[in-house]
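Novice: Residues per chain are reported as follows:
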Amino acid sequence: MLTFVALASVLLLGIVPEQTEAIAIYTGWERHALLGSDIRLSCSFFSWRFTSDDVTFSWTYRPDGSRDSISAYVDNKGPFRDRVEFVGNPSKRDGSILIKNLDYNDNGTFTCDAKNPPDIVGRPSSVRLLVFETVPIQAGVITGAIIGVVLGLLVLIVVIYYLMRFLVARRVFSLSVSKHGKKKREGSQARQGPVPTADPTKVKAASSEKKKQESRKDKK
Amino acid sequence: MLIILAFIILFHVAAAILLFVATIHNAWWVVSQAGRDVIYADLWYSCNSTCYPVENSHTVDAAYLQTIQATMILSTILCCVSFFVFILQLFKLQQGERFLFTAIIQLLAALCVMIAASVYTAQKNSFHLANLREGTYGSSYILAWISFPMTLMSGLMYLVLRKRK
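Sequence lines, in order, name chains A and B.
Going letter by letter, the first sequence gives residues 1 to 220 in the UniProt record's numbering.
Going letter by letter, the second sequence gives residues 1 to 165 in the UniProt record's numbering.
Worth double-checking, as some hints may not be accurate.
[As the list claims (entries may be wrong)] In silico SDA-like pairs for lysine to any residue, Cα to Cα no more than 25 angstroms straight-line:
#1 B:Lys163 - A:Met164
#2 B:Lys92 - A:Ile142
#3 B:Lys92 - A:Ala145
#4 B:Lys92 - A:Val158
#5 B:Lys163 - A:Phe166
#6 B:Lys124 - A:Ile142
#7 B:Lys163 - A:Ala169
#8 B:Lys124 - A:Ala145
#9 B:Lys163 - A:Gly148
#10 B:Lys163 - A:Val159
Since the hints were made in silico from the structure, they are not lab data.
Since this is a predicted model, take the numbers as computed values, not measurements.
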């Protein structure tokens, strides 16, 4: 019975990962670049197998509005001649390429496919390249940044203020408790005790709290 | 006492409404040329019969427009937040204490409106297209300027007010 359960579990564990054992490829979604600059298109993958020595990356390029893709860097022909360079590190699962001196004709979709033998089934991932003359400020970045920073600072200040009040109240409470406790046992000697150990700022805050309480008592 | 409370609440709500209208209504800048449709422009769109978003692909100039957008939105948010804080403090404060928190937030809202309206006045030429250069200020712009002293006075009133009974 036990051997049957053990065999069944080993079989199940053997079957299930194989269905999820596809290679997962990650690239960016969209890349913006300036005319004439260089851009590094990154591609990495996740595989359940160890990174083998025969890891291969292949990039294909499809111009905007065209239907067929061409290979991007394997052969030194085509629109990327002498401009594209493989700068990744296959043993570290990095298959990035560097494209120099961008032109408007480079607008298009770059697809990265990685193979990690024996894990070769996977879905290639694409990154879209957009070349601009001047990189535009995306709508609302500064707006959102200003609003977020100011509101965040306000919330932070409020939290810090209440935290300080809470800590000071606790300090005053513990001071007064220890004062009353020692008073019961001995006379004026106990009063000198807590004062040198307290921070000067906290003593000031404690005394202002005491003044507030006294003024409240007066008003009542 | 109740009359003062009602007045203050109404004043605060009026300031908040003015801020909302100024931010949302599309009439900061009005261009009315003879023989053409009147163009209404504000911080986000410029519309005659169809609305076009304000050009924000200039790199440095768009920063001013986005600052104005951010401070107008911030002042509206802060005005609403201070209203809720006022209601909260109304129930939670001890007698005789001032509504300090409410006042601070309301004064911050006044500061933001002032920043927004001033920057708009000074820098509007940098983000208006050429066909929008000649025009007059619209109603939303005036409302924004009116809501600045309203929020300021409201904040100062909260500073002076003390809780009773």
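Novice: For each hint, tell me whether it holds in the structure or not.
Specialist: Hint check results:
1. B:Lys163 - A:Met164: holds, 24 angstroms
2. B:Lys92 - A:Ile142: Not satisfied, since the Cα-Cα distance of roughly 37 angstroms exceeds 25 angstroms.
3. B:Lys92 - A:Ala145: Violated, at roughly 33 angstroms.
4. B:Lys92 - A:Val158: Within the cut-off at roughly 16 angstroms; holds.
5. B:Lys163 - A:Phe166: holds, 23 angstroms
6. B:Lys124 - A:Ile142: holds, 17 angstroms
7. B:Lys163 - A:Ala169: holds, 23 angstroms
8. B:Lys124 - A:Ala145: holds, 21 angstroms
9. B:Lys163 - A:Gly148: violated, 33 angstroms
10. B:Lys163 - A:Val159: Measuring from Cα to Cα gives roughly 24 angstroms; hence the hint holds.
The structure fails hints 2, 3, 9 (numbered hints given earlier, in ascending order).
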